[in-house]
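Chains as they are written, first to last, in numbering that gives the first Met the number 0: chain W, 0 to 509; chain U, 0 to 56.
Treat each hint with caution, since some may be false.
Here are the computed lysine-lysine pairs in the DSS-like style, where the Cα-Cα straight-line distance is at most 30 Å [as the list claims (entries may be wrong)]:
| no. | chain 1 | residue 1 | chain 2 | residue 2 |
| --- | --- | --- | --- | --- |
| 1 | U | K51 | W | K108 |
| 2 | W | K230 | W | K313 |
| 3 | W | K108 | U | K56 |
| 4 | U | K1 | W | K108 |
| 5 | W | K231 | W | K108 |
| 6 | U | K56 | U | K1 |
| 7 | W | K213 | W | K313 |
| 8 | W | K374 | W | K108 |
| 9 | W | K237 | W | K325 |
Just so you know, these hints were derived from the structure itself, not from any lab.
Treat the numbers as computed from the prediction; the structure is a model and nothing was measured.
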Amino acid sequence: MIAHLNWTATLVFVAFFALVTGLGFIAGRWRAGDLDDLAEWGLGGRRFGAWVSWFLIGGDLYTAYTVIAVPAVVYAVGAYGMFAIPYTILIYPLLYLTFPRLWAVTRAKGYITAADYVDGRYGNRWLALAVALTGILATMPYIALQLVGMEKVISALGFEGGPWASHLPLTIAFIILAIYTYQSGLRAPAMIAFVKDIMIYIFVIAAVIVVPLKLGGYGAVFDAAGAALAKKAALSGKPAGLTLLPAQIMPFITLAIGSAMALFMYPHSMTGILAANSGTAIRKNAYMLPAYSLVLGFIAIMGYMALAAGIEVKNPQDVVPQLFLKMFPSWFAGFAFAGIAIGALVPAAVMSIGAANTFTRNVWKPFVDPGIGSKEEADLAKLMSLIVKVGALIVILVMPTTFALDLQLLGGVWMIQVFPAVVFGLFTRWFSGWALLAGWAIGMVVGTGLAAGPLAWTPVHAVFGLGFSAYNGLIAFVLNVAVAGALSALLPNTAPDATRAADYEDEALA
Amino acid sequence: MKILLLAAPCLLALAVPLYNSDSPRLFGFPFFYWALIGLVPVSALFIYAVFKMDGGK
Numbered sequence: 000m001i002a003h004l005n006w007t008a009t010l011v012f013v014a015f016f017a018l019v020t021g022l023g024f025i026a027g028r029w030r031a032g033d034l035d036d037l038a039e040w041g042l043g044g045r046r047f048g049a050w051v052s053w054f055l056i057g058g059d060l061y062t063a064y065t066v067i068a069v070p071a072v073v074y075a076v077g078a079y080g081m082f083a084i085p086y087t088i089l090i091y092p093l094l095y096l097t098f099p100r101l102w103a104v105t106r107a108k109g110y111i112t113a114a115d116y117v118d119g120r121y122g123n124r125w126l127a128l129a130v131a132l133t134g135i136l137a138t139m140p141y142i143a144l145q146l147v148g149m150e151k152v153i154s155a156l157g158f159e160g161g162p163w164a165s166h167l168p169l170t171i172a173f174i175i176l177a178i179y180t181y182q183s184g185l186r187a188p189a190m191i192a193f194v195k196d197i198m199i200y201i202f203v204i205a206a207v208i209v210v211p212l213k214l215g216g217y218g219a220v221f222d223a224a225g226a227a228l229a230k231k232a233a234l235s236g237k238p239a240g241l242t243l244l245p246a247q248i249m250p251f252i253t254l255a256i257g258s259a260m261a262l263f264m265y266p267h268s269m270t271g272i273l274a275a276n277s278g279t280a281i282r283k284n285a286y287m288l289p290a291y292s293l294v295l296g297f298i299a300i301m302g303y304m305a306l307a308a309g310i311e312v313k314n315p316q317d318v319v320p321q322l323f324l325k326m327f328p329s330w331f332a333g334f335a336f337a338g339i340a341i342g343a344l345v346p347a348a349v350m351s352i353g354a355a356n357t358f359t360r361n362v363w364k365p366f367v368d369p370g371i372g373s374k375e376e377a378d379l380a381k382l383m384s385l386i387v388k389v390g391a392l393i394v395i396l397v398m399p400t401t402f403a404l405d406l407q408l409l410g411g412v413w414m415i416q417v418f419p420a421v422v423f424g425l426f427t428r429w430f431s432g433w434a435l436l437a438g439w440a441i442g443m444v445v446g447t448g449l450a451a452g453p454l455a456w457t458p459v460h461a462v463f464g465l466g467f468s469a470y471n472g473l474i475a476f477v478l479n480v481a482v483a484g485a486l487s488a489l490l491p492n493t494a495p496d497a498t499r500a501a502d503y504e505d506e507a508l509a
Numbered sequence: 000m001k002i003l004l005l006a007a008p009c010l011l012a013l014a015v016p017l018y019n020s021d022s023p024r025l026f027g028f029p030f031f032y033w034a035l036i037g038l039v040p041v042s043a044l045f046i047y048a049v050f051k052m053d054g055g056k
């Protein structure tokens, strides 16, 4: 099991892991609040200023899986994997325009989740249930993928053995995570995010400087990568290269747009952003968070560094760990791996909290126990955060990784379908709740149906009559809005609205 | 005006044919890469400008 263990790297790894575990447990006392209240446990009491939010949201959105998967795609197919960059350029103007309004209304009304807001705005608890279930369904595989990211770096340390022995370190790490999230709530990932983000900045900057020096400069890196991709394309017959082929352009564009629309609909994004202490903190983050996108751009280029360094892996998701092992001393590889593993803990914690808040507020409370008290509500959410994490762990332990990957792909397609209910609602109440529910249902069915290819799940699909392929999620979204719009025109919205126009304006900028 | 400032970087990021080429290179980076990565801080500046126009401090 540990015969080939890289001891130096492992010791550094374990030391950093122990540090954040300690932080996770003391985090509950940070800016202490009553952790028996759901807004305290699950939103950190909405107390995070611009800087804390920057670390938390950055740690939450740019996950360990991102660090592993984006360079993996770039390594495998080249330019197409860079869609992550236009995607992350699109999200911040969207954040600036919409989330200060959502933050203001959720605080004015004591809402904790997107579905809480939809319920108040449209007076339709079934629409709220649809929003809630979509979020929970899409979050589960996303948590599982964080475990994949963690597992990649643990196996790179040299842990090996049968299916159970090799999963042991992961299981231990995850149990620790589950316990301190249970105890400290959102404060734990917020505090750990400081450590994680700083570590990731350090190892990315090191890689950006050191690796090209060893490989003869960026020009040589790109030339070698281009040659390697051309060879791959010739062998496989699939497009790969430093720039996009014409047929890849529309999938690239629509994937960027669709991913951007889906991102902030996820419960973990909502949780991270709504925990801010003001609309202005969110607006500041709209121009501060792109710093992470810049880092992501360089992380993506690591796929080319690996190609240029001649790294051969069976699974492209191993390229980043292998690149660090090959290019850096063991202690620094251990540091980078710890950064990635801790980078899995932050989003995994926030995701489980987001899903737990949503289940408690929008499934349990309205449909099972309307009279639930404030303390019982917080207790239930804590318990749910454990259940969600155990579920994700089981998915990883007993199912092939591709299963989680496919589900995560579908998760994005599903999340876009709640965009009309959540985002349109911030600006207009013209759409009616039932019409939005019908649009959502059509979008879910069509999006899932399009993704089910004859051989494998596919992210893009030819658009009939237009002569190009587009991201399934976006095609389904267009149908969703068309149905919701047509039905709203036929059956105007007459349901009560629990929010007032003034609830959407925050005090700083009226 | 504010909407235009927020939309501009998005439209540039999506105007793929404008930057889908290897040359001109910058510090060895093909145009595709330095244009995309360079657009990230530019987009942040646009958002910052809107923040200031909104009276942000």
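Would you list, in rising numerical order, the hints stated earlier that this structure does not obey? Per hint list: single violation, 5.
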